[in-house]
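Let's have the full structure, built from the sequences with the hints guiding it.
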Amino acid sequence: MTNPLNGRSILIVEDESLVAMLLETILEDMGCATVGPISNIDDALKLLADDVALDGALLDVNVAGREVFPVAAELKARGVPFVFSTGYGEGGLPGDWRGHAVIQKPFTEAAVRDALIKALEA
Amino acid sequence: MKELLKSGYVAVDLATAFDASPNAYVLLTPDLRIAGVNQAYLDITHSSREEINGQPLFGAFDSGPSQDGAENVRQVAASLEKAIATKARDHLAVVKFHIERQRPDGAVFYDERYWSATHTPILDDEGEVIYVLQHTSDITELERLRRGGEGATPTALDGVLGGDVMRRANLVQQDNLRLESERRRLVDLIMQTPGFVALLAGPDHVFEMHNEAYGQLVGHRSLLGKPMRDALPEIGETYFDLLDSVFETGETYEGRASRIQLQRQPNGEAEEAFLNFTYQPVRDSSGQTVGVFVQGYEVTENVLSAQRQKLMIDELNHRVKNTLATVQSIAIQSARSHADPRTFATEFQSRLMALSHTHDLLTRSHWEGADLRDVLHHETEAHDLRRINMNGPLVALTPATALSLGMIFHELATNAAKHGALSRAEGRIFIDWTVTEAEPRLLNISWSEVGGPEITAPEHRGFGSRLIERNVRHDMAGDLKLGYPSTGLHAELVIPLDRGQTS
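These protein sequence lines map, in sequence, to chains A and B.
For what it's worth, this note's numbering labels the leading residue of the first sequence as 12, then goes sequentially.
For what it's worth, this note's numbering labels the leading residue of the second sequence as 2, then goes sequentially.
Worth double-checking, as some hints may not be accurate.
In silico lysine to any residue, SDA-like type, Cα no more than 20 Å apart, as pairs [stated by the list, open to error]:
#1 Lys83/B x Ser67/B
#2 Lys322/B x Ile114/A
#3 Lys322/B x Ala121/A
If we take Cβ atoms under 7 Å as the criterion, some of the chain A residues that face chain B in the derived model are [what the hints assert, rightly or not]:
#4 Ser20
#5 Ser28
#6 Leu29
#7 Val30
#8 Met32
#9 Leu33
#10 Gly98
#11 Trp108
#12 Lys116
#13 Pro117
By construction, these hints were calculated from the structure, which means they are not laboratory data.
All values derive from a computational prediction rather than experimental measurement.
Where a beta carbon is used, it is the ideal one built from N, C-alpha and C, also for glycine.
Laid out in structure tokens, this is it:
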């Protein structure tokens, strides 16, 4: 059985370093190469402007008091699949993004893996 | 008639006819001054044109100083004001009113007379009241007859008139007085009720009355006689359409926590408000809708506090979930560096307690922030504080910075107790900090250990040092230098203090 995440570059946008470290650990265990973690919206947009090669992304919804949606829109425009992570519950996504893949904090390793695989295969 | 009045020469004839009429007339301005009287009026009031023309009616005639004089004046005034306000004729079947007279010897006395009066408003082309015409008859003799006469023997006709007509007239008038006083009581209740009330007349919703609370709601603007669309333009088409629909269909509309824009201060900006209200159709005797009765009360405070509460619950939920994710991370990463479950439990618990200590500090300030020295104190008090020297100014930290520094100091102190200065009796830690004056302000913290065992730089970085590094660079956008001179660990932290508060 091949691991569909092996060798994939995944961007992490998350302002809480402990949570970011957990995501890095989980992704590295799955054979991914992590990009970031990035702790604010401006740095994330700068990184995308530099045309870094990405296979996917995990985006915290609330990053240092700002919403991550400009980054999400940029990724969507580039065709890079991504998954939101949020502590705001199911109702945390506004109308434009309702129904998009999301994992709830705190998350299990399986939840991260399944959501990413589903997003990358879609 | 208006056309007749406009042509000047007819007016002369009308004035002559007016003066010659056996009926007593007085023409009043809307502020109840005497604009003109005819001869019959002068005769029955025993006055002259020169005395009373241009005078206030109740200045010229005040019904005298007797106890009921003021009540007599009030009744006549109420009837006049009603005729002006409703633009419709009003009748006073019987009213007592004293007339000032002079005896032949020159002494003044007040003659008690009974009157019947009709008040007719006269409107201009725009429909505004310009005059009120009072037609009054002296019915004193009839009234006296009714009461049994004063010497004179009544005829059969007088008996019929006095006994029945006057009695009925008096009953009608008493009913009118009772209804009027009930009406006034109801109006008083409506005027003083804490809810807002307004009565709108006709398809254009013209303000016919409103109470004090309604006036307050709309910044005490002048509303009476104005259509809603002109009087309160800011409330917008949605509400005008609702009023139109209630007027057209005759069906009541009920609004709950309904959002509206209202100008609350004279000449102020429109402000958002929330109202509970009803628009009820007002019907005439034939069932036709003739107006809309508006009543309700403001619920802006309740709506806003419910919104604030929802925001707070959402935010609390977000923080709890984030904190759980943080704890999850500490657990998983602590587990990876400990093969032995017992040492894992100890280290995991002490990290959890470090996080909890900073939470306690922040709770004390209602999550507004914490002082650097307090954070340091909390995270190092498990050790011998006499061996830790802290030196620096007061520094107010945001909640996020306080939480990060709390974790960092905990890791540094734990490491010092295991491998550094606090592992030897003579070891000391010097913690010094300064804040740069120029903006953006930078907090420089120096952590120096002396008197511990000789140290060397670690070969690989464990969770503790990664946690310190990440918290400084990632969470606080700061800088970190870790030095490993053989005398003891030396850490330099540079933390920007004026970044936006992070979640």
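Here is what the structure says about each hint:
{"no.": "1", "hint": "Lys83/B x Ser67/B", "verdict": "violated (25 Å)"}
{"no.": "2", "hint": "Lys322/B x Ile114/A", "verdict": "holds (12 Å)"}
{"no.": "3", "hint": "Lys322/B x Ala121/A", "verdict": "holds (18 Å)"}
{"no.": "4", "hint": "Ser20", "verdict": "violated (19 Å)"}
{"no.": "5", "hint": "Ser28", "verdict": "holds (4 Å)"}
{"no.": "6", "hint": "Leu29", "verdict": "holds (4 Å)"}
{"no.": "7", "hint": "Val30", "verdict": "holds (5 Å)"}
{"no.": "8", "hint": "Met32", "verdict": "holds (6 Å)"}
{"no.": "9", "hint": "Leu33", "verdict": "holds (4 Å)"}
{"no.": "10", "hint": "Gly98", "verdict": "holds (3 Å)"}
{"no.": "11", "hint": "Trp108", "verdict": "violated (17 Å)"}
{"no.": "12", "hint": "Lys116", "verdict": "holds (4 Å)"}
{"no.": "13", "hint": "Pro117", "verdict": "holds (4 Å)"}
Against the hints set out earlier in the document, violations occur for numbers 1, 4 and 11.
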